[in-house]
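Just so you know, the sequences run in chain order A and B.
Quick note on numbering: the numbering used here labels position 205 of the first sequence as 211, and the sequence is numbered without any gaps.
Quick note on numbering: the numbering used here labels position 189 of the second sequence as 275, and the sequence is numbered without any gaps.
Keep in mind that the hints were calculated from the coordinates and are not lab data.
Ideal Cβ positions, reconstructed from N, Cα and C, are used throughout, including at glycine.
Just to be clear, a hint being listed does not mean it is correct.
[Stated by the list, open to error] If you only want the chain B side, here are some residues facing chain A, beta carbon under 7 Å, derived:
| # | residue |
| --- | --- |
| 1 | Leu-101 |
| 2 | Ser-105 |
| 3 | Ser-151 |
| 4 | Glu-218 |
| 5 | Leu-249 |
[Claimed, not checked] Okay, derived cross-link-like pairs now, SDA-like style, lysine to any residue, Cα gap no bigger than 25 Å in a straight line:
| # | chain 1 | residue 1 | chain 2 | residue 2 |
| --- | --- | --- | --- | --- |
| 6 | A | Lys-425 | B | Val-222 |
| 7 | B | Lys-185 | A | Asp-189 |
| 8 | B | Lys-447 | B | Asn-533 |
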Amino acid sequence: MNSIVISAVLGVIMMFSGIFLKKNSSIVILAILGAALLLAVAILEMSGFHFFPVNTHDMLYFDVFGLLFNCIAFASTLIYFLLNARDIAAIGHNPGEYFALMFFVLCGVSIASSFNSLLMLFIGIEIISIPLYILTGSDKRNLKSNEASLKYFLMGAFSTGLMLLGIAFLYGASDKGSFFLDDLALGKAAGSPMMMTGLILLMSSMAFKVSAAPFHFWTPDVYDGAPTVVTSFMASVVKAGVFIAFVRLFMDAFGDIKSQWQIFVAIITAITLFIGNITAVFQQSVKRMMAYSSIAQVGFMLFSLLTLNTLAKEGIILYTAVYSAATIGMFAILVRMKDFSFEGFNGLARQYPLVALAATIFLLSLAGIPLTGGFLAKYYMIAAVMKTGTYLWLVIFALLCATVSVYYYFRVIQAMYFKEGLEQQLDFSAGFTGILILLALIVILLGIFPQLLINRLYIIYI
Amino acid sequence: MVPVLLIGIPLFAGLIGFSLKDVAAKSWSLFASLLVLAVSLVGICLPAESKQLHFSTAWMGSLNSHFAVALDGTGQILTLLTALAFPIIFISTWKEQYKKANNFFGLMLLSQAGLMGVFLATDALLFYFFWELALVPVYFLASQWGGDRRIAATFKFFIYTFLGSLMMLTAIIYIYFHTPDQSFALASFYRAHTQIVTDTQSWLFWLIFIAFAVKMPIFPFHTWQPDTYEQAPPAVTMVLSGLMVKMGVFGLLRWLAPVLPMGTYIWGDTVSLLCIVGMVYASLIAMRQNDLKRLVAYSSIAHMGLMCLAVFATAEIGIQGVMIQMINHGINIIGLWIVVYLIEKQFNTRKISELGGLASKAPVLTALFVIIVLANIALPLTNGFVGEFLMFSGVYSSKATTYNVVFTVVAAITIILSAVYMLNMVQRVFYGSTNAVTEKGVDIRLNEKMVLGLIVVIIVVVGVYPEPLFRLTQGAVDSLLSKMFVKP
């Protein structure tokens with residue numbers, strides 16, 4: 007409860023910060039402090055300090071899985087603010103509002119990571135989505151940003167409709183007439199056509215929100231059109247948060263009737279991996295490549311949904327952490343680049359060796375090369391499937407796709423290190439570079455000692 | 087402690103190397119590589135039961151993976167080769183000027199650490215980590231400091247290897263879930279095959295074999311190799327062909343044949359056929375090459391094919407030969423590359439047709455080179471003879487296949503072919519009359535003489551008295567054969 011309340015309060019404070027604070031830099035500092043506070047209360051909540059003992063009538067359920075994810079999401083946001091807060095403030099004329107919207111998104115994320123009822127899921131997802139529609143269009147004078155915002159809003163509204171319909175079906179199908187996750191697939195309801203219809207509608211709309219194929223069509227345009235700083239937030243914290251909700255929903259509500267819907271997830275996984283990776287190969291802009299790569303990464307994350315065992319649970323925590331870190335790092339660099347094409351990265355290593363080094367580590371992690379967290383994250387996903395002993399074809403297919411992904415990630419590395427480029431005056435300050443290196447070190451640390459994070463799942467103070 | 091030092095010294099020396107000045111980095115890495123050589127020699131001298139040869143500590147608890155390294159017979163041979171090769175490479179390319187030399191030498195030492203790890207790991211996940219750790223620095227080395235088409239060639243190499251590695255990873259995870267105690271330890275892997283039915287072993291075999299086949303390389307997974315060898319800078323080519331290809335053979339010996347004995351047995355004939363085809367094919371192509379580097383590259387494919395063939399023959403004498411030949415081939419081919427490098431540096435060409443008459447200008451180089459070539463085509467009294475003779479005996483006496491005679495005969499033909507193209511090359515490059523290009527040729531410098539001299543000494547000593555190497559590997563050969571399957 008700590009994080010839900012504090013993030014909402016912080017959102018309100020940031021909204022009015024423009025009245026008291028005239029300078030952008032003070033708003034930026036306030037936002038960074040806010041994110042740090044949020045992280046602190048989330049960690050305290052994990053350690054058993056509950057500041058707001060609210061009776062939620064079981065609508066929310068705070069387990070260590072959700073709370074740990076909150077910590078990851080807030081830590082990612084803190085690093086994101088440290089790297090890019092100045093760029094967020096520079097999007098337009100109302101810096102306080104952008105931060106306010108982001109804190110509201112975080113509020114939605116913390117609801118989505120701890121819901122126990124479909125209603126709370128719906129509220130959480132909507133609290134995440136609505137501020138994002140605005141943020142996508144926050145670069146008001148840019149036509150692409152406007153287009154992206156409208157597209158996102160229309161498609162998002164449509165998928166929200168599907169979700170509501172699905173929830174209604176599930177409600178109608180359940181024996182007790184209840185929205186609670188535990189009651190959805192009990193007794194006669196389990197496997198009934200009405201429940202399956204609801205399940206598939208819900209699955210489609212969640213797949214839309216995490217941009218899994220074939221519901222991904224909005225992603226490249228929205229990611230490309232939105233201001234790059236906002237894309238960074240959407241592709242990392244938001245995507246991970248919604249994915250956690252996705253896993254949580256299916257684990258708690260439909261885990262027992264896995265055999266009936268697994269095949270749908272398998273198909274979505276295969277299509278997502280294929281489309282994400284193959285299309286990424288043909289991109290000319292690194293920003294668009296990252297959009298497709300984020301689709302491809304979702305393909306791997308979907309393995310956890312397919313299996314829902316212990317390894318999957320541990321793996322998805324690790325995956326969201328290293329994926330968010332690498333994505334935030336890559337986008338932070340992109341934000342400061344003038345040219346988003348692959349050629350724009352030519353010769354970067356000569357001019358900014360440390361930035362190029364950090365970017366290389368992020369890309370290696372995304373590609374899943376050992377010693378980086380990305381490898382172990384993928385390892386957990388594959389192992390989770392192998393443990394069930396089924397869907398081996400999907401594993402082999404995923405590995406072929408992972409090999410394809412090396413192609414487009416390494417194009418950036420090749421451009422930075424092996425190609426000659428023009429001198430560029432880019433805004434990589436010492437502090438910025440330092441935080442990037444720190445982030446890269448975290449990615450490597452998680453690649454060598456994943457238990458630093460995963461063991462947290464088993465330390466319970468509550 | 088010894089295995090930890092073998093990995094740790096190059097690893098940390100490499101990391102330090104990045105921060106040094108260019109000239110200092112060069113001396114620093116030579117120093118570090120000599121230190122590794124010293125440690126490796128100490129490791130050889132220690133008795134096999136010494137506690138210093140093993141190290142294990144918990145690593146990833148939830149996965150039951152350990153940081154477990156050990157130095158045994160096969161590992162000793164290959165770590166010795168690795169430890170010996172790096173100083174040789176550094177000294178022989180001492181005069182080479184690299185842009186950003188500190189990065190070059192740092193990456194070289196990192197790749198040495200990766201190689202050492204591969205040869206020492208006794209935990210499957212750790213093995214996989216090092217397998218990739220050896221690859222990544224080499225990718226950067228070859229892409230940054232190589233020839234004109236280096237980026238594409240090296241990338242092809244990387245993709246091939248990466249795909250193979252991922253296949254292997256799948257198999258490792260599968261086997262892990264079938265080990266009696268859900269562990270990545272080598273000992274548990276050796277017990278897993280009892281839980282895996284033959285049909286499953288037969289497809290698992292390919293998942294792992296492709297990873298090793300790409301590295302060696304075995305036909306038809308070899309297409310990356312000539313391009314990469316040609317485009318990589320000389321020092322990296324030596325690492326690739328002298329050491330990294332051994333990772334493939336080593337993988338067969340430690341992580342495939344004993345882990346999946348039935349799979350290995352079932353596919354023995356198929357793989358042997360691929361080896362034979364590759365040997366003949368590579369030899370024929372080598373005969374038509376006009377480029378020294380490509381010629382050596384194809385000859386390497388032929389030699390690696392023979393090693394793989396001998397592994398699958400599953401005969402004691404043949405495996406013994408593979409052990410010896412791994413170190414021999416490493417030494418010999420590094421010698422060949424050094425000579426190719428010296429020629430290219432002096433005359434700015436690798437075309438055989440443009441060279442000629444070097445013998446009159448560089449008699450020392452010629453003499454040393456001829457001995458290395460003779461070792462490469464396995465003339466008696468050279469180290470190549472010992473290894474290849476044992477392998478041929480192994481293939482001929484193999485009980486694992488019914489086609490042993492055919493395999494032996496065809497493989498023997500490729501030896502003749504190798505004599506044809508190697509001697510033909512020597513004749514056209516070193517003998518005959520000098521031309522405009524080679525007119526001003528001079529003999530090699532002292533450091534180059536020393537290195538090539540050392541290689542020749544090793545060639546002759548091992549060729550005349552291979553007994554110590556046999557003793558070193560006997561235990562490993564016996565324990566390997568006890569785990570492999572041969573038709574009763």
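To see whether the hints hold, each was checked on the structure:
Taking 7 Å as the C-beta contact cut-off toward chain A, the hint placing Leu-101(B) at the interface is violated, the least distance being around 12 Å. Of the supplied interface hints, the one on Ser-105(B) is violated, with its beta-carbon coming no nearer than about 12 Å to a beta-carbon of chain A, more than 7 Å. Hint status for Ser-151(B): violated, given a least beta-carbon distance of 10 Å to chain A, over 7 Å. With 7 Å as the threshold, the beta carbon of Glu-218(B) comes within range of chain A, its nearest partner Cβ sitting at about 4 Å, so the hint holds.
The restraint placing Leu-249(B) at the interface with chain A holds, with a minimum CB-CB distance near 4 Å, inside the 7 Å limit. The hinted pair formed by Lys-425(A) and Val-222(B) meets the criterion: a straight-line CA distance of about 18 Å does not exceed 25 Å. The straight-line distance between the Cα atoms of Lys-185(B) and Asp-189(A) is roughly 67 Å, outside the 25 Å bound, and the hint therefore fails. About 18 Å separates the Cα atoms of Lys-447(B) and Asn-533(B), which keeps this hinted pair within 25 Å; it holds.
Violated hints, in rising order: 1, 2, 3 and 7; the structure is consistent with all others.
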